[in-house]
Structure formats: C-alpha cells, structure tokens
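Given two chains presented individually in distinct reference frames, assemble the corresponding complex, making use of the accompanying hints.
Listed here are the chains, written in short residue letters.
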Amino acid sequence: ETGVTQSPTHLIKTRGQQVTLRCSSQSGHNTVSWYQQALGQGPQFIFQYYREEENGRGNFPPRFSGLQFPNYSSELNVNALELDDSALYLCASMINGGTSTDTQYFGPGTRLTVL
Amino acid sequence: DQQVKQNSPSLSVQEGRISILNCDYTNSMFDYFLWYKKYPAEGPTFLISISSIKDKNEDGRFTVFLNKSAKHLSLHIVPSQPGDSAVYFCAAQWSGGYQKVTFGTGTKLQVIP
Numbered sequence: 001e002t003g004v005t006q007s008p009t010h011l012i013k014t015r016g017q018q019v020t021l022r023c024s025s026q027s028g029h030n031t032v033s034w035y036q037q038a039l040g041q042g043p044q045f046i047f048q049y050y051r052e053e054e055n056g057r058g059n060f061p062p063r064f065s066g067l068q069f070p071n072y073s074s075e076l077n078v079n080a081l082e083l084d085d086s087a088l089y090l091c092a093s094m095i096n097g098g099t100s101t102d103t104q105y106f107g108p109g110t111r112l113t114v115l
Numbered sequence: 116d117q118q119v120k121q122n123s124p125s126l127s128v129q130e131g132r133i134s135i136l137n138c139d140y141t142n143s144m145f146d147y148f149l150w151y152k153k154y155p156a157e158g159p160t161f162l163i164s165i166s167s168i169k170d171k172n173e174d175g176r177f178t179v180f181l182n183k184s185a186k187h188l189s190l191h192i193v194p195s196q197p198g199d200s201a202v203y204f205c206a207a208q209w210s211g212g213y214q215k216v217t218f219g220t221g222t223k224l225q226v227i228p
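These protein sequences, in sequence, are chains P and R. Residue numbering for the first sequence follows this note's numbering, starting at 1 and increasing by one per position. Residue numbering for the second sequence follows this note's numbering, starting at 116 and increasing by one per position.
Only chain R is shown next, with the shape it has when bound in the complex (with noise of 0.2 Å):
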C-alpha cells in the first residue's frame, strides 16, 4: 500500500526553467510534508517542508504548494540549476507521534545545462 506515490520516475528540465516535481498521498493522518534530495552514494538530505495548516512554503529557489483536498504537493525548483539533478523523495508524516516518515519513490530530475 504506497501511501506516498511519486508518479513521475524522471523528469529532464533546461537549466534556467523551472523544475516541477509533484507528490499525492492517501493517508488523512499526515500533516507535515518534507522533501528529501539524495545525490547517488550519499543519504537523502532535507531540502524543504510543509505544515498542513499552510499551502505554500518558500526557501531560496525552491517552494513547495500543499493541496490539502486533493492529497498533492509539488516542489517548484526556480530557476534549475545543473547542480540540483539527483533523485527527489517526497515524503509525510504524522506531527501527532513518532517521527514515522513514509517517503515515495522518487524522481530522478536531471537538469540539462
């Protein structure tokens, strides 16, 4: 049961325009929402996150947008820069316990100078 689906495996963006990585999920418990880099050989890095009592969140080039009623969030990445291709997980939690986080499975951005 993939609770946090990432529908895009890849995506290839110009440098300079704008990179937009997208995310639903189906579980109504999660309330907060992060998104993880991860360059090949090392960890997942926090990029990015989101509480549900807020739609948008910015830091720099990167934004991310929560539509709570339609389970989906997107990164936008403005504007793409060479350096910003690795794989991007979504991914969700409960604020309410643990820190259980379900990511998704990735999108492989590459960003073509």
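If we strip away everything but chain P, and leave its shape as in the complex, we get (with noise of 0.2 Å):
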C-alpha cells in the first residue's frame, strides 16, 4: 500500500475525445510524475510537476497535458485521443527533498482504451 490512488480504474473512449486521469497523492508529497505503459513494454515517463508547476516532459506531444493542485492531487489530461493511447497510466508521487534520487510511490494505474 503506497498511499496513491488512482481514479478511475478502467476507462473506454473512441477516437478524438478527451480524456481526464486523477491522482491522489501521499500528504507531502509535493512532485507526482506520470507514465504510460503499452501492453509488453515498460512504463514512459510523460511529465513531472513539483509544486504545481511542471518541471520536465518526455517525449509526448502537447495533447498530454497535467495539472497538479495544492491538495495533493494531480490530473492527466489527454486531448484527441488516438488508437495508440490505449496504455496503463501510472503516476507516482514523491517527497521532493532536493535530492532527486527520492524515492517514488506508484499508484496503481488507470487502464484506458482507446476504440
């Protein structure tokens, strides 16, 4: 049990709507990172945000956007949605220390297919 949750659990969209994917994060935990997982492959880092700001991104293009708020919680928002965004998408969450090998806790994901 690591203190994140994710919500929902399982998600069905079609082609080109929209998407919102939330986050729970541990009380202080003030950076929450969110990755994509394809079916066989590891998880894809998508972007990080410290303290409501987003502060690194993959390779994902601009329709993967996030929020994070002062709650502890975070959103991942995906705009026209394609085939290939069918995936996993963990977020973890993390005492940013100033050390940045901090150790992060996964949430356990939020299933999305895309038909």
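It is worth saying that the hints were derived from the structure and are not from the lab. By construction, the Cβ of each residue, glycine as well, lies at the ideal position given by its N, Cα and C atoms. Some hints here could point you the wrong way.
The list that follows gives simulated cross-link-like pairs (lysine to any residue, SDA-like), each with its CA atoms no further than 20 Å apart [what the hints assert, rightly or not]:
#1 R:K152 with P:Q41
#2 R:K152 with P:G40
#3 R:K215 with P:A38
#4 R:K215 with P:P62
#5 R:K215 with P:Q44
#6 R:K215 with P:E53
#7 R:K223 with P:G40
#8 R:K215 with P:E75
Chain R is nowhere near these chain P residues, computed Cβ spacing over 10 Å in every case [unchecked claim]:
#9 K13
#10 V19
#11 R63
#12 L67
Below, the structure is given as structure tokens:
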C-alpha cells in the first residue's frame, strides 16, 4: 500500500475524445510524475510536476497535459485521443527533498482503452 | 531508442535457488539505477537501487551489481521464494536533473515451489 490512489481503474473512450485521469498522492508529496505503460513495455515518462509547475517532460505531444493541485492531487489530460494512447497510465509521487534520487511511490494505474 | 534493455522477457527458477535478472543500458549519463517489482493490478514498487559510485548494493535477499564499463547491472535474489513471482523492471536516471526515470521492458519472474 503506497498511499497513492488513481481513478478511474478502467476507462473506455473513442478516438478523438478527451480524457482526464486523476491521482491522489500522500500528504506532503510535492512532486508527481505520470507514466504511460503500453502492453509489453516498461513505463514511459510523460512529465513531472513540482509544486504545481511542470518541471520536466518526456517525448509526448502537447495534447498530453497535466495539473497539480495544492491538496496533493493531480490530473493527466489527453486531448484528441488516438488508438495508440491505449495503455496503463501510472502516477508516481514523492517528497522532493532536493535529492533527485528520492523514492517514487506508484499508484495502481488507470487502464485506458481507445476504440 | 531503448536506452534500458532487459533482454529476457521471462525467467523460471526453483524455490530456494538464485534468481539473476539482467539489464543493460546505453546512456552514459545515467548514474543511478533502480529495480522495481510489479504485481498484477498494482503499480511498480521500489525494490533496491545503486549509485554509479558503487558496484554492489545489498538489502536482505536482494543484491544489485553494477558494471559501469559494460553498462550492465544485475539483480540477484537469494534464496528465491514463490512470493517473488512478479515482473521486475530495471530503471535508470541521471541524478543531476529532475527525476525522469527510464524503464526497461521488464522480466517476468516465476518462482516454482
């Protein structure tokens, strides 16, 4: 039990639609990262938020966006969904104590299917 | 471009024996390496890590070895237990920047009772 929760567990959307995935971190965790895990692959880094600002991004287009809120919750938004967006989406939170190797705690993920 | 590679998709080991999971990386900037364990329907859980200034780190039954010249690391589990059956991800990052962690594709370990 990591204390990181995600909702919904599963979601089905159609191509072109928009989706919002949610993550609730442990109290005090000021940093959240989002990952996409396609079938048979490892998690791929989408972006990271620190104190409500994006401070790092992977190779994902701008239609992937996020928000982080003061209450330790966060959102991943994906616009204009494509079939290849079907994946498990993981959020990971941590206390950023100034050491870039602080441990990340992952949620169970949201399984998104795009038809 | 797969910067962290786990070439064995699966591994079966008898209970009580040693499990050895291997990982290779290509990016010389990586200086911090991690292993995560993932059960079905759960997120990855941090298992053990190693900094590039070390060549070995041990935590109970788990030991990670790092060979920087070969850009290779391995995770040893001794003795293996049925509860160790899971997918193991090798991951790497550069400690000088934000925490962008690059994962391998995972190795599914099955420990046979």
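Each hint tested on the structure:
no.	hint	result
1	R:K152 with P:Q41	holds (14 Å)
2	R:K152 with P:G40	holds (15 Å)
3	R:K215 with P:A38	holds (18 Å)
4	R:K215 with P:P62	holds (18 Å)
5	R:K215 with P:Q44	holds (9 Å)
6	R:K215 with P:E53	holds (15 Å)
7	R:K223 with P:G40	holds (11 Å)
8	R:K215 with P:E75	holds (18 Å)
9	K13	holds (21 Å)
10	V19	holds (19 Å)
11	R63	holds (20 Å)
12	L67	holds (18 Å)
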